[in-house]
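Sequences and hints are given; from them, build the entire structure.
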Amino acid sequence: MRAANGGPAAVVTSEVGSVDTEVDIPLAGGVVLRGHLRVPAGAPGVVVFAHGGGSSGHSSSDEYVAHQLCRAGLGTLLVDLLAPDEETEPRTAFETALLGARLDQVGRWLSDQPETGSCGRDHFLGYFAAGAAAAAALWAAAEPGTRVGAVVSHDGCPERAGERLPLVEAPTLLIVASANPVALDLNDRAKASMRCPCRLVVVPDARHRPDEVGTVEEVARLASAWFAGLLASEGPKPLPVSTTEAEAGPRVGS
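Just so you know, the sequence shown maps onto residues 1 to 254 in UniProt numbering.
No false leads were slipped in.
With a cut-off of at most 16 Å between alpha-carbon atoms, the simulated EDC-like pairs for lysine to aspartate or glutamate come out as follows:
#1 Lys191 - Glu169
#2 Lys191 - Glu159
#3 Lys191 - Asp155
If you are wondering where the hints come from, they were derived from the structure by calculation, not from laboratory data.
Next comes the structure, spelled out in structure tokens:
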């Protein structure tokens with residue numbers, strides 16, 4: 001594994017066997033993506049946080065959710081699907097097939113690293129993404145031969161994965177804020193196109209619930225429950241009671 005500066009990786013270990021380092025991920029065509037890999041000792045797998053919306057760096061929401069997953073014992077890889085010189089090209093940021101192919105290569109790269117070499121084989125590989133990157137995650141999850149075990153989309157645009165949606169086999173959780181009825185409708189339509197186990201969950205707007213946990217905290221709880229349930233081979237765990245699952249019948253915000 002190489003550090004982001006091209007030299008040997010400076011692996012920080014708070015306990016024996018743990019990894020916390022910046023990485024460079026070489027892809028086809030000479031593209032090199034930058035990421036931050038954290039793997040707690042004994043982690044049963046890694047969740048890739050895919051960013052590709054055209055703004056630089058991961059959001060604080062991604063960082064918080066990743067931190068909570070690490071606390072739960074999962075490894076995380078935060079990676080920008082755009083190289084630094086591409087972030088000023090708006091067209092590139094929303095090319096779902098391009099970003100999806102890159103994410104698929106990132107997942108395969110993980111399987112070649114000594115710290116995460118069994119991801120997608122003996123160990124778990126998951127995707128977490130928001131916005132345009134969520135469509136890329138579903139595109140990648142539909143790639144032939146993929147070993148991804150679960151996908152979580154937070155306020156994503158899954159409809160942009162188009163004809164790939166019915167090909168996704170990994171159980172998928174779609175999380176949408178109640179304050180965004182347009183996104184809720186688009187996610188609902190995407191869910192209807194999917195054949196894999198899929199749930200659409202509405203997270204109430206934290207501004208309307210001052211006595212409850214915030215939206216980011218709730219997203220972290222949902223993602224943790226989704227990945228943990230699948231890791232245990234029991235299927236997704238019951239959803240936290242403070243969220244609403246959009247199934248048949250009236251939808252929140254409708």
